[in-house]
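S.K.: Here is what each chain is made of, one letter per residue.
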Amino acid sequence: PHTGPVESKNEAAMSELVPEPRQKPVVPMKPMGINANLLGYIGIDTIIEQMRKKTMKTGFDFNIMVVGQSGLGKSTLVNTLFKSQVSRKSSGWNREEKIPKTVEIKAIGHVIEEGGVKMKLTVIDTPGFGDQINNENCWEPIEKYINEQYEKFLKEEVNIARKKRIPDTRVHCCLYFISPTGHSLRPLDLEFMKHLSKVVNIIPVIAKADTMTLEEKTEFKQRVRKELEVNGIEFYPQKEFDEDLEDKTENDKIRQESMPFAVVGSDKEYQVNGKRVLGRKTPWGIIEVENLTHCEFALLRDFVIRTHLQDLKEVTHNIHYETYRAKRLNDNGGLPPMTAETEENHESNL
Amino acid sequence: QNDGYRTLSLSGHVGFGSLPDQLVKKSIKQGFCFNILCIGETGSGKSTLINSLFNTNFDDSVSTHFLPSVRLRAHTYELQEKSVLLKLTVVNTVGFGDQINKRDSYQPIVDYIDAQFESYLQEELKIKRSLFSYHDTRIHVCLYFISPTGHSLKALDLLTMKILDSKVNIIPIISKADSISKTELQKFKNKIMSELVSNGVQIYQFPADDETVSKINTVMNGHLPFAVVGSVEEVKIGDKMVRARQYPWGIVQVENENHCDFVKLREMLICTNMEDLREQTHARHYELYRRCRLEEMGFRDVGPENKPVSLQEAYEAKRHEFYLELQRKEEELRQQFVQRVKEKEAILKEAEQQVQTNFEHHMLKHQEVKLKLEKKKKILEDEIAMFIEKKANAELLQSQASVSTPVSLKRDKDRK
Numbered sequence: 001p002h003t004g005p006v007e008s009k010n011e012a013a014m015s016e017l018v019p020e021p022r023q024k025p026v027v028p029m030k031p032m033g034i035n036a037n038l039l040g041y042i043g044i045d046t047i048i049e050q051m052r053k054k055t056m057k058t059g060f061d062f063n064i065m066v067v068g069q070s071g072l073g074k075s076t077l078v079n080t081l082f083k084s085q086v087s088r089k090s091s092g093w094n095r096e097e098k099i100p101k102t103v104e105i106k107a108i109g110h111v112i113e114e115g116g117v118k119m120k121l122t123v124i125d126t127p128g129f130g131d132q133i134n135n136e137n138c139w140e141p142i143e144k145y146i147n148e149q150y151e152k153f154l155k156e157e158v159n160i161a162r163k164k165r166i167p168d169t170r171v172h173c174c175l176y177f178i179s180p181t182g183h184s185l186r187p188l189d190l191e192f193m194k195h196l197s198k199v200v201n202i203i204p205v206i207a208k209a210d211t212m213t214l215e216e217k218t219e220f221k222q223r224v225r226k227e228l229e230v231n232g233i234e235f236y237p238q239k240e241f242d243e244d245l246e247d248k249t250e251n252d253k254i255r256q257e258s259m260p261f262a263v264v265g266s267d268k269e270y271q272v273n274g275k276r277v278l279g280r281k282t283p284w285g286i287i288e289v290e291n292l293t294h295c296e297f298a299l300l301r302d303f304v305i306r307t308h309l310q311d312l313k314e315v316t317h318n319i320h321y322e323t324y325r326a327k328r329l330n331d332n333g334g335l336p337p338m339t340a341e342t343e344e345n346h347e348s349n350l
Numbered sequence: 001q002n003d004g005y006r007t008l009s010l011s012g013h014v015g016f017g018s019l020p021d022q023l024v025k026k027s028i029k030q031g032f033c034f035n036i037l038c039i040g041e042t043g044s045g046k047s048t049l050i051n052s053l054f055n056t057n058f059d060d061s062v063s064t065h066f067l068p069s070v071r072l073r074a075h076t077y078e079l080q081e082k083s084v085l086l087k088l089t090v091v092n093t094v095g096f097g098d099q100i101n102k103r104d105s106y107q108p109i110v111d112y113i114d115a116q117f118e119s120y121l122q123e124e125l126k127i128k129r130s131l132f133s134y135h136d137t138r139i140h141v142c143l144y145f146i147s148p149t150g151h152s153l154k155a156l157d158l159l160t161m162k163i164l165d166s167k168v169n170i171i172p173i174i175s176k177a178d179s180i181s182k183t184e185l186q187k188f189k190n191k192i193m194s195e196l197v198s199n200g201v202q203i204y205q206f207p208a209d210d211e212t213v214s215k216i217n218t219v220m221n222g223h224l225p226f227a228v229v230g231s232v233e234e235v236k237i238g239d240k241m242v243r244a245r246q247y248p249w250g251i252v253q254v255e256n257e258n259h260c261d262f263v264k265l266r267e268m269l270i271c272t273n274m275e276d277l278r279e280q281t282h283a284r285h286y287e288l289y290r291r292c293r294l295e296e297m298g299f300r301d302v303g304p305e306n307k308p309v310s311l312q313e314a315y316e317a318k319r320h321e322f323y324l325e326l327q328r329k330e331e332e333l334r335q336q337f338v339q340r341v342k343e344k345e346a347i348l349k350e351a352e353q354q355v356q357t358n359f360e361h362h363m364l365k366h367q368e369v370k371l372k373l374e375k376k377k378k379i380l381e382d383e384i385a386m387f388i389e390k391k392a393n394a395e396l397l398q399s400q401a402s403v404s405t406p407v408s409l410k411r412d413k414d415r416k
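Protein chains in written order, with full-length UniProt numbering: chain R, 1 to 350; chain Z, 1 to 416.
Take the hints with a grain of salt, since some may be wrong.
[Stated by the list, open to error] The calculated lysine to aspartate or glutamate pairs, modelled on EDC-like cross-linking and capped at a C-alpha distance of 20 Å, are: (1) K198/R <-> E140/R; (2) K83/R <-> E269/R; (3) K29/Z <-> D45/R; (4) K118/R <-> D209/Z; (5) K106/R <-> D131/R; (6) K275/R <-> E290/R; (7) K26/Z <-> D45/R; (8) K118/R <-> D210/Z; (9) K378/Z <-> E368/Z; (10) K25/Z <-> D45/R; (11) K126/Z <-> D104/Z; (12) K25/Z <-> D247/R; (13) K128/Z <-> E151/R; (14) K83/R <-> E114/R.
It is worth saying that the hints were derived from the structure and are not from the lab. Only a predicted model underlies this, so the values are computations on that prediction, with no experimental measurement involved.
Using the sequences and the hints, build the whole thing.
M.R.: In structure tokens form, the structure reads like this:
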């Protein structure tokens with residue numbers, strides 16, 4: 001046996017072939033009939049309660065990134081999603097601020113609580129993306145940031161004396177804002193999603209959807225879906241990670257009908273039919289954000305927060321992170337080590 | 001904890017309160033693993049207790065007392081209750097305490113526990129790994145069966161528990177507790193606990209930091225070690241069939257809290273703290289094992305001069321070391337080969353010499369014989385020559401004799 005974690009011969013040979021970027025999660029074996037007959041109640045199912053209590057005590061980390069050109073309503077949408085002023089624009093930044101000359105990464109962290117569940121939410125904004133005259137490679141700083149978070153986690157994981165709970169700054173979900181042109185995707189959109197869908201969960205969102213009629217919306221969505229498929233862009237939920245038939249049917253419906261979600265965001269409330277609702281007031285009517293007939297914000301919110309939050313984290317941890325880790329350990333020097341200077345640079349933004 | 005993070009309040013319902021449910025749903029799909037190790041002498045009631053705890057009859061045959069060393073036997077069962085699937089592994093020690101010399105009794109147990117940790121560690125260190133589908137075989141709890149002597153712990157008990165307390169969560173239990181009276185039992189329990197404390201044995205403490213369970217856990221901590229009775233038979237009490245042991249003087253009911261602590265054990269082990277046991281195993285015992293093992297392998301978090309060593313440097317160093325070792329071995333083999341060739345050559349040369357010597361020897365002999373024969377030939381030729389000479393002489397004499405009487409011979413001849 002080897003005296004250290006050096007690849008075995010097999011793995012050395014495998015690294016010469018093109019490494020499979022992602023590993024399909026093995027479907028856990030379903031029981032082939034009960035081996036032992038329980039003659040009475042024992043209490044095994046209480047482990048669910050025990051687990052729930054434990055997770056509530058430790059709390060959750062969730063890191064969401066928003067990417068899109070300036071003025072697409074990213075900050076507003078994030079505020080609407082989490083019903084509080086979580087975007088960078090609300091935490092002391094000037095609305096008249098100039099658009100930065102390069103893509104910046106700005107992460108703001110908050111603690112929010114609901115129903116006894118504490119969540120450390122980090123919103124990562126990317127001002128400057130797609131705003132220059134020459135936008136070549138403007139996704140690179142974003143890709144670099146995402147990989148840096150994986151690197152941070154990896155460093156902690158390989159320590160001899162490890163922390164009890166490694167702080168998770170990895171990006172769990174990236175909302176990509178598509179401009180509601182009504183035509184098709186732009187080259188920048190395709191380039192970004194092509195590169196980043198391999199390292200992070202991307203959820204494409206059609207921003208400011210109140211500029212399109214229902215027919216225009218449906219057509220646009222269809223065209224976008226087609227384009228994404230033609231270009232081989234796997235957005236979340238990725239087909240290859242459907243664990244079982246139940247997941248597949250549920251996710252197929254979302255992939256083929258609902259996504260990309262056409263959303264409208266707002267943090268202002270208005271009175272409609274005696275109720276206070278979030279909306280946008282226009283001379284021709286009030287657009288209710290949470291009304292499914294007006295826009296698909298509620299679908300997005302339910303999808304990201306109420307049903308797939310845990311899954312987003314798990315796919316990030318079990319698939320994207322593992323891919324990064326495997327590549328990193330295989331290369332063993334391919335990626336340059338982080339110098340003290342670059343580390344410092346990013347610390348000041350967090 | 002919240003350094004740099006602002007606390008915000010929500011202006012409406014967001015919905016992430018369902019996060020624990022999402023997590024639970026996923027865990028149910030994956031199923032749970034729970035691994036119990038039972039250490040106790042043969043016949044102390046281990047199998048019976050497990051059967052009683054899980055209310056079923058696991059198939060496990062009785063073992064003999066005459067095994068030469070301690071062995072471990074593991075069985076895995078799949079239990080399902082409502083929607084929860086549990087993969088239960090029960091590991092029994094076989095032959096524990098039976099030998100005359102029990103010095104090495106604990107070693108197979110330690111080796112087994114370490115082997116499970118090692119297996120997990122190897123998976124974790126792999127480049128392409130699949131931890132989320134890994135079947136966790138690490139021991140989550142060790143039930144240590146104490147014999148109901150009524151006096152104190154045996155030396156073997158103390159030794160074994162002391163060695164295992166940093167590797168696994170230990171819950172000591174007094175088995176076959178129906179042989180001790182109530183008053184004796186309390187004294188026995190106190191004696192055991194004080195012995196454990198004075199010997200520095202750290203048994204598993206039921207966690208008391210969560211308000212919902214801290215009260216009951218603290219109370220239970222005071223009842224340790226649990227005095228239990230197990231039974232595979234059922235007796236009719238009133239109108240129900242209950243697990244019990246029937247004696248002429250009465251019936252001991254397993255699930256009666258006045259009779260024994262079985263219910264307490266089940267409550268603590270399964271209903272309240274199963275998740276905590278799993279977590280302690282992973283976060284404490286496994287981490288300790290991992291740390292020791294990695295340090296053993298030569299990894300450090302901090303290099304010389306106390307500068308943090310990056311992962312890359314550590315791997316480079318290991319890789320370099322490995323290649324050096326490889327080169328050294330290669331050189332060694334090469335030397336050996338050269339040596340062997342030399343030796344073979346020497347042997348062949350010697351053989352050649354030998355052949356040469358033999359050849360010369362034979363040549364010499366051949367010469368000698370030839371000379372001898374020539375000599376003989378010469379002698380014979382000389383003899384022949386002498387003989388011819390003699391013959392010639394003799395003929396000459398004869399002819400001379402015939403010449404001296406030739407007339408008479410002739411007259412005679414004429415007369416005739």
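S.K.: With reference to the structure, classify each hint as holding or not holding.
M.R.: Okay, the hints, checked on the actual structure:
Between K198/R and E140/R, the direct Cα distance comes to roughly 13 Å. Compliance with the 20 Å bound is thereby established for this hinted pair. For the hint linking K83/R to E269/R, the alpha-carbon distance of about 11 Å falls within 20 Å, and the restraint holds. With a C-alpha separation of about 13 Å, the suggested pair K29/Z and D45/R falls inside the 20 Å cut-off, and the hint holds. Using a Cα cut-off of 20 Å, the hinted pair K118/R and D209/Z holds, with the two alpha carbons roughly 18 Å apart.
With a CA separation close to 16 Å, the supplied pair K106/R and D131/R stays within the 20 Å bound. With a CA separation close to 12 Å, the supplied pair K275/R and E290/R stays within the 20 Å bound. In summary, the hint linking K26/Z to D45/R is supported, as the alpha carbons are separated by about 14 Å, within the 20 Å threshold. Under the criterion of a C-alpha separation no larger than 20 Å, the hint pairing K118/R with D210/Z is consistent with the structure, at around 16 Å.
Simply put, K378/Z and E368/Z have alpha-carbon atoms about 15 Å apart, close enough for the 20 Å limit, and the pair holds. Between K25/Z and D45/R, the direct Cα distance comes to roughly 13 Å. Compliance with the 20 Å bound is thereby established for this hinted pair. Under the criterion of a C-alpha separation no larger than 20 Å, the hint pairing K126/Z with D104/Z is inconsistent with the structure, at around 33 Å. As the CA atoms of K25/Z and D247/R are separated by approximately 12 Å, the hinted pair is consistent with the 20 Å bound.
The suggested pairing of K128/Z with E151/R holds, with an alpha-carbon distance near 16 Å, which does not exceed 20 Å. Distance hint between K83/R and E114/R is fulfilled; the C-alpha atoms sit about 11 Å from each other, no more than 20 Å.
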